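Engineer: Assemble the complex: chain A is given as a structure, and chain B must be docked to it using the hints.
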Amino acid sequence: MFAWTIYLSFSGVACLMALKPEDVRSARLVAMVTSVGGLLVALVGAGQFNPGAGLTTVAKVPWVSALGLEYHLAVDGISVTLVVLTGLAAVAGVLFSWNIEFQTKRFFAFYLALIGGVYGVFLSFDLFLLFVFYELAIVPKYFLIAGWGTTRREYGAMKLALYSFVGSAMILAGLLAAYVVAGATTFNLVELAKFPFPRGFQMWAFPLVFTGFAVLAGLWPFHSWAPTGHVAAPTAASMLLAGVIMKLGAYGCLRVAMTLFPLGLHDWASPVLGFASWRDVFGVLAVIGIVYGAMVALVQRDFKFVIGYSSVSHMGFVILGLMTLSVIGLSGAVLQMFSHGVIAGLLFAVVGRMVYDRTHTRVLDELELLGLNRALPFAAGTFVVAGLASMGMPGFSGFVAEFQVLIGAWKAFPTLAVLAGVGVLVGVAYTLRAMQKAFFSASDLAPTSAELAGAELAGAPAPALEPVGTMGAMGSGHVGPSHSVAAARAGEWPERAALGTGSSGPGHSGHGLGDISIPERLGATLLIALTLLIGVYPRLLLDWIEPALHSPLMEQVLKAGDR
Amino acid sequence: MNYGELLNFVAPETLVVLAALGVLMIDLTTLRGSPHKSRMRAGAGLTALGCFAAMGALALTPATTPAGYLGGMLALSPLTGLVKGVLLILTVLTAVFALESQFTDHVGEYFALLLLATAGMMFLASAENLLMIFVSLELLSLCLYILTAFHKENLQSAEAALKYFLFGGMSAAFLLFGLSLVYGLTGELELARIAAKVGPGGVKLDALFVLALLLVVAGFGFKVAAVPFHLWAPDTYQGAPTPSAALIASGSKVASFFILAKVLMAGVAGAQGSAAVGSLVQGWAPMLAVAAALSLVVGNLGAIAQTSARRLLAYSAIAHAGYLLTGLLATDHREGMASVLYYVTTYALTAVGAFAVIGVVQEKAGEDRLSAFAGLAERAPWLSFCMLIFMLSLAGIPPLAGFFGKFYLFKAALIGKGPPAAPSMGLFWLILLALAMSAVSLYYYLQVLKQIYVRPSPDDAPAIRAGALSKVTLAVVAAGVLLLGCFPNLLLRPLLEAIGG
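Line by line, the protein sequences give chains A and B. Heads up, the first sequence stops at 678 in the numbering used here, and the numbers go up one at a time, no gaps. Heads up, the second sequence stops at 1705 in the numbering used here, and the numbers go up one at a time, no gaps.
Only chain A is shown next, with the shape it has when bound in the complex (with noise of 0.2 Å):
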């Protein structure tokens, strides 16, 4: 059943491929049929899947026979969560692109097919297929970025890339080199767990491949492609990114590298420089993580940045819940990864698709003075109950997901988790300055929806944005670039400068910004009921997780837990 996620994305794209570049509607039409169609075939699936019954096989038929290469897709518990985020993802990005305009057939295109390499890596236990499938969603993810970006998007696009490739690299060694000391028969993850490794060998082999994935995943200090990548992307592409793209690295780091090497987990022969082991120092790399991420959140000038840095910062739990090796901090991780994936979804959307393709900037100190909580109120709504299961609000997935991490942590790194908790309260300060500057602040010096009307009934171009241009380009660093590239994109195309204000054309509705559309409520309603749905009944995954974590496959990881 599950195995039919990827062919459905697939077959998205090739159907993409066959229709004619003007074909915008149908573009759509294909892109939400698919994508919805992956999700009703993840539900049904999950709605089969037994969580007691472990390891259940989808598809395995040998593929390269002399090499002991198969295609074997299978799923637990784990597995199942994420391609379900994987499906809601997939549905909601499609929601927030409806007004691509621009070669529109290609953007689906590429958007389908990263999709489905998405599914195939949840799906593959055979870790030749998997890493296939992983190196597949880069390359689409790049000319997402580079091709419907904003804010220096060849330039976010490459470092993404380059940082996606050097961390698969390191993954292809580790895995070639545990393929080629287990004999070279197998690349099946639950045969290749068995394989006795010498311990030397996996204390080499767990951090590179470790490493690779958690690249992916924003570890600190190789998380710099992510803020830079999240803002170029347009807003399905960041929804991506954060939702699902940063879940695979992390899915990665659990299956592959925990599982693979649990030997690699255990301590030193000496300490060196204080840490003992691997496991200390990726926990400090990510308390590192969360609380930097926090830090630099709360001192950024462009609102998508908050939220790219912010993705850091959460990502940073889920590599610490992986460190703990307790069964309450690794389902803790897991639940942060289908958490982080749902609200950093919604905030995205929110900020690229809702704010920034109406207002054309990101700047906060310019959104301050439009006083968008007037002009937007569906926005600011979204915003307001998006920050507050970012903040870790009791009755949002978040809260459940962070406080399980931190109970594990509490456990095995008592000093990380006070730490962590440092980060979770410069957290809540940076998305209530967020919050508070760009839909909240002096609303009443800016000009109310009906005078805008007024001024572009009078034939005025887009009045509240020119002196917001010129005052913020006077005060802050970033608007510089970010204008001169929305200038000299404008010039470069006429017809996409044109694509965010199509909407927001005076006839349109009552202010200058325009409604939120059909397609956008429904995400955000979409991504909102999750949020809260998994916030109260977190039961519902769990239930998927545990049994999960219980499999004979992560038996040695708990092992290694026990000091």
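Worth flagging that the hints you see were computed from the coordinates, not collected in a lab. Among the hints, a few may not be true.
[Stated by the list, open to error] Cross-link-like lysine-lysine pairs, in silico, DSS-like; alpha carbons within 30 Å at most: (1) A:K309 <-> A:K674; (2) B:K1654 <-> A:K135; (3) B:K1568 <-> A:K135; (4) B:K1367 <-> B:K1568; (5) B:K1621 <-> A:K309; (6) B:K1654 <-> B:K1568; (7) A:K674 <-> A:K526; (8) B:K1568 <-> B:K1675; (9) B:K1408 <-> B:K1621; (10) B:K1615 <-> A:K175; (11) B:K1241 <-> B:K1675; (12) B:K1568 <-> B:K1356; (13) B:K1654 <-> A:K274; (14) A:K309 <-> A:K175; (15) A:K526 <-> A:K309; (16) A:K135 <-> B:K1675; (17) B:K1356 <-> B:K1241; (18) A:K309 <-> B:K1615; (19) B:K1654 <-> B:K1675; (20) B:K1367 <-> B:K1356; (21) B:K1401 <-> B:K1621.
These figures come from a predicted structure and were not determined experimentally.
Structural biologist: Leaving out everything else, chain B in the frame of chain A:
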């Protein structure tokens, strides 16, 4: 000697040579005065016909010659049949894509030389005798020098040919000197007999023998454009007419790597030595390892700075020679041979395709600078998509053939002699370097794709249109690269069966 039997064995080569003569004759007689286009079509058509006839003959002629036949001058095996088939396919592709460019009035001569080069490659593939190897290699090289110089109005073409010729002549001298030293030391010309004399109890691996090996490696290193014998490659790739460059990058690569693998693995296997960390042993393996490492670094870093698509491909070819040399280091020669042939075949297909796209663009835009490709996706979506496949395959992105090829090479280099296959991680340093460099390579392949897919086309950009035949052929090549990546067994199984053992 029975000439009837010999003719039976060399029927494919004979057909290719006959086709060469036929093309020459028809173009100089009946087609004299016809429009250029129809002469090109006739030339390419006859070339393809000759190649297809040769493929048919390959399928019908006996696949193996008796052991020691003609002193190894002609040693047919299922493997040489397979390699010759690949070479013929590459020639057909080159001839078809030649229709897209106009660079010469001497149509008959061009295709005749193309076919003679092919005959040289085919003889090279089945040669197991030092003299025959040298003679076929010279036949191939001389044809390639002329093919490079064929664009007479283009100064670059002449310069490229001169450079190629001077370097080539020098390296031929090296090779001949090396081969003569091998002959002098062993007293044999046939690879199998040389193999019996090299190794324990045979010829000592003294300074003279090492020098002989070094000269042989240098001579072949030139043919495969491995650093430090690579200097001709960028200029030749850039200056040569597109189809000539495509042949140099594809068919000539396949034949040269095959013969290099055969000489090393079948001839002087006893002097392999080892480049493994901690167990360095004198022999040809350390030389190849050094050349491989240098090629990987110089090729990949050099490609970053290129603004010409062809020079970029040239540096990428140098880098790919580095990956291929890694595969030659395998201690399990069956795996080594299979992985090198898989990689070089898929690489050659990709390179021919990439040159075809570049050729079409260059013909219309007048230059091959990367900026000429800006916005190609809007002007020629189909060509662009094929280029996407080729570039990503060269970068080693799954599920394309280049990825599986790389993986298989690395595996072959790491795995020890079996069965049961024992791990030998001694070459892991080279694999790590190769992986790191492949991460670098993604950067410059993406530079090409960035122009095609991300940058908008300038307003005055010329329309890019390829002929229907080229489009279909390109699609077939692209589909082949995709299929061989998704189902490597399509090529791997015949290869392993042909190698046997």
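Engineer: Each hint needs a verdict: does it hold in this structure or not?
Structural biologist: Right, here's what the structure says about each hint:
no. : hint                : verdict
1   : A:K309 <-> A:K674   : holds (14 Å)
2   : B:K1654 <-> A:K135  : holds (22 Å)
3   : B:K1568 <-> A:K135  : holds (25 Å)
4   : B:K1367 <-> B:K1568 : holds (27 Å)
5   : B:K1621 <-> A:K309  : holds (24 Å)
6   : B:K1654 <-> B:K1568 : holds (20 Å)
7   : A:K674 <-> A:K526   : holds (15 Å)
8   : B:K1568 <-> B:K1675 : holds (15 Å)
9   : B:K1408 <-> B:K1621 : holds (24 Å)
10  : B:K1615 <-> A:K175  : holds (23 Å)
11  : B:K1241 <-> B:K1675 : holds (17 Å)
12  : B:K1568 <-> B:K1356 : holds (19 Å)
13  : B:K1654 <-> A:K274  : holds (13 Å)
14  : A:K309 <-> A:K175   : holds (19 Å)
15  : A:K526 <-> A:K309   : holds (28 Å)
16  : A:K135 <-> B:K1675  : holds (18 Å)
17  : B:K1356 <-> B:K1241 : holds (18 Å)
18  : A:K309 <-> B:K1615  : holds (21 Å)
19  : B:K1654 <-> B:K1675 : holds (22 Å)
20  : B:K1367 <-> B:K1356 : holds (15 Å)
21  : B:K1401 <-> B:K1621 : holds (22 Å)
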